[in-house]
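Novice: Listed below are the residues making up each chain.
2 protein chains.
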Amino acid sequence: MRAVALAGGVGGARLAHGLQRVLAPGELVVVVNVADDLERHGLVVSPDQDTVLYTLAGLADRERGWGLAGETWSALDQLGRLGEETWFAIGDRDLALHVVRTARLRAGARPTEVALELAARLGVPSRILPVTDDTIRTRVRTPDGWLDFQDYFVRLRCEPEVLEVTVDGAARARPTPEVLASLATAERIVVCPSNPVVSIGPIMAVPGMPAAVRAARDRGVPVVAVSPIVAGRALRGPADRMLVSLGGQASVVEVARRYVDLADILVIDEADAGLAGQVAATGIRPLVAPTVMTDDAARAELARAVLAAA
Amino acid sequence: MRAVALAGGVGGARLAHGLQRVLAPGELVVVVNVADDLERHGLVVSPDQDTVLYTLAGLADRERGWGLAGETWSALDQLGRLGEETWFAIGDRDLALHVVRTARLRAGARPTEVALELAARLGVPSRILPVTDDTIRTRVRTPDGWLDFQDYFVRLRCEPEVLEVTVDGAARARPTPEVLASLATAERIVVCPSNPVVSIGPIMAVPGMPAAVRAARDRGVPVVAVSPIVAGRALRGPADRMLVSLGGQASVVEVARRYVDLADILVIDEADAGLAGQVAATGIRPLVAPTVMTDDAARAELARAVLAAA
Chain F
1 MRAVALAGGV
11 GGARLAHGLQ
21 RVLAPGELVV
31 VVNVADDLER
41 HGLVVSPDQD
51 TVLYTLAGLA
61 DRERGWGLAG
71 ETWSALDQLG
81 RLGEETWFAI
91 GDRDLALHVV
101 RTARLRAGAR
111 PTEVALELAA
121 RLGVPSRILP
131 VTDDTIRTRV
141 RTPDGWLDFQ
151 DYFVRLRCEP
161 EVLEVTVDGA
171 ARARPTPEVL
181 ASLATAERIV
191 VCPSNPVVSI
201 GPIMAVPGMP
211 AAVRAARDRG
221 VPVVAVSPIV
231 AGRALRGPAD
241 RMLVSLGGQA
251 SVVEVARRYV
261 DLADILVIDE
271 ADAGLAGQVA
281 ATGIRPLVAP
291 TVMTDDAARA
301 ELARAVLAAA
Chain P
311 MRAVALAGGV
321 GGARLAHGLQ
331 RVLAPGELVV
341 VVNVADDLER
351 HGLVVSPDQD
361 TVLYTLAGLA
371 DRERGWGLAG
381 ETWSALDQLG
391 RLGEETWFAI
401 GDRDLALHVV
411 RTARLRAGAR
421 PTEVALELAA
431 RLGVPSRILP
441 VTDDTIRTRV
451 RTPDGWLDFQ
461 DYFVRLRCEP
471 EVLEVTVDGA
481 ARARPTPEVL
491 ASLATAERIV
501 VCPSNPVVSI
511 GPIMAVPGMP
521 AAVRAARDRG
531 VPVVAVSPIV
541 AGRALRGPAD
551 RMLVSLGGQA
561 SVVEVARRYV
571 DLADILVIDE
581 ADAGLAGQVA
591 ATGIRPLVAP
601 TVMTDDAARA
611 ELARAVLAAA
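As given, the protein sequences belong to chains F and P, one line each in that order.
Mapping the first sequence onto the working numbering, position 122 (from 1) lands on 122, and the numbers just tick up by one.
In the working numbering, each residue's number is its place in the second sequence (first place is 1) plus 310.
Careful: at least some of the hints might be erroneous.
To be verified - Pulled a few chain P residues facing chain F out of the computed Cβ check, cut under 10 Å:
{"hint": "1", "residue": "V332"}
{"hint": "2", "residue": "G380"}
{"hint": "3", "residue": "D387"}
{"hint": "4", "residue": "L392"}
{"hint": "5", "residue": "G393"}
{"hint": "6", "residue": "A399"}
{"hint": "7", "residue": "G401"}
{"hint": "8", "residue": "R403"}
{"hint": "9", "residue": "D404"}
{"hint": "10", "residue": "L405"}
{"hint": "11", "residue": "A406"}
{"hint": "12", "residue": "L428"}
{"hint": "13", "residue": "R447"}
{"hint": "14", "residue": "Q559"}
To be verified - Partial selection, computed: residues in chain P whose CB lies under 7 Å from chain F:
{"hint": "15", "residue": "L348"}
{"hint": "16", "residue": "R350"}
{"hint": "17", "residue": "G352"}
{"hint": "18", "residue": "T382"}
{"hint": "19", "residue": "A385"}
{"hint": "20", "residue": "Q388"}
{"hint": "21", "residue": "L389"}
{"hint": "22", "residue": "D402"}
{"hint": "23", "residue": "V409"}
{"hint": "24", "residue": "R431"}
I should point out that these hints are in silico values taken from the structure, not numbers from a laboratory.
Since the model is a prediction, treat every value here as computed from it, not as a measurement.
Backbone N, C-alpha and C fix where the C-beta goes; we use that ideal spot for every residue, glycine too.
Next up, chain F with everything else stripped away, as it sits in the complex (with noise of 0.2 Å):
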């Protein structure tokens, strides 16, 4: 069954890994968020795309959520000594991924290309796209003004109040061809439990993005989504506090909301199971299962259950 995942950062890199697991070889295509890019020291890093990338590979750690396991902080170390800002963390191995990402990039490879060659050296089975080889890059207004996602994200750890989210560049952008031809042969679309606001958001603020999906629909492919808001918090990141900073709720019925035009089914945690009748009354059909992926036994359990939902 060939699927395509929407995915940004952690969540949505454990349910795509656990697709991976449940699909056979070849048959998963996550599409991932590139609208939190930065250029550091010189380098381009991905970072949505490389916590799918590490994840999908097994070389994630497991307990940060974010970067390699075993990794060590030595280069870090020396910007510091050099001068540099190091705010931005960055590992030696994961480094080393920049360091080859960007030559690839600078050689004049797309990014598009450089993603499945990257996946492909790090034997990934499934094929991990960029939404787009344009630059998008998402702001956040707080009450200080507004800032570039990794300075809100990283250096200030979230803490600002965001008060508004654009995605510069959206409006010029277009997926790239094998995103779209992912979509028009897909079977399952999967919204994986990713920040609605600032991962799958900006995936689907590309132009040419919701009309794909759509019309992956109207040929009668469940779009399934699961919510990454469990008993109105966030597993993981800020998502449950910008969806209120944002005017609305931090439950699954917010992200229901935000999510009736883009899915059919959006799979709640047996903990909010209270809410299933609220969700249905936005108009999309909710399915209760565990949605907390604890182990890798229950990543392809909720991947199985996100197949099956259809």
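Given chain F's structure and the hints, the job is docking chain P onto it.
Specialist: Okay, now just chain P, sitting in the frame of chain F:
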């Protein structure tokens, strides 16, 4: 006393360190070979410059001779996992420097500006100057054909016989204004115990360098060279075998012949005192002194002897 030292790798760096210890801060300029620079993984790597930089910053690994003390190798391991060639071993801390240098160069800075910045950032009280901001590259002819210098030096561990040496780009290169200004105000010029063929050779192959050194000598500035050959052997590297395969001898007399147009004095080790007469016969004045720099005190002692030689 304002001194300009011409230096290649490890031996040159050690004497430069000694000179830095005995001169007042700011009085030493080290003009470094850049003909063994290379691009690896899309990064600009400048091995001789970095050996001098790390040594003058007190960060060099003393046993290995090159690279940084306390170095780790995670990025190299990851580069290998990503399918990159890893025969040119870049440590994690070293990688950080190449990343910063490359970013500054790509942002439009001159190599000289970057060299001065990096030395300042690492607290080095001396100026380290690339002989040229132009691209020059040493190539060596072996029985199997022409090789890039690092291909010969690192990948093939100096094993092939060197039959000919050329410095690509030298004819079109120019010394930097900073190098020329340093030579114009120097009170001593020191030719460090670096490989005469592939370290000092490329520095002096830049048109304008011989005339600038000659002008200093005409002003009465003594040029003191230190032999990298001791008792017929190079302390490090292939200088001894190279002098022979290029048609000469592995001896201080051969070094004297090569430096007769460059230097007034050649410092030779006590082990070679018996060859002082033959050195003098070439037209260069021999000075016998301990030249093996076993520790910081020996570096300073040799530096004092060199500065006092004139």
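Novice: Now, for every hint given, state plainly whether the structure supports it.
Specialist: Quick rundown of the hints versus the structure:
no.	hint	result
1	V332	26 Å, violated
2	G380	8 Å, holds
3	D387	7 Å, holds
4	L392	5 Å, holds
5	G393	5 Å, holds
6	A399	13 Å, violated
7	G401	7 Å, holds
8	R403	4 Å, holds
9	D404	8 Å, holds
10	L405	5 Å, holds
11	A406	4 Å, holds
12	L428	7 Å, holds
13	R447	19 Å, violated
14	Q559	42 Å, violated
15	L348	13 Å, violated
16	R350	9 Å, violated
17	G352	3 Å, holds
18	T382	4 Å, holds
19	A385	4 Å, holds
20	Q388	4 Å, holds
21	L389	5 Å, holds
22	D402	4 Å, holds
23	V409	5 Å, holds
24	R431	5 Å, holds
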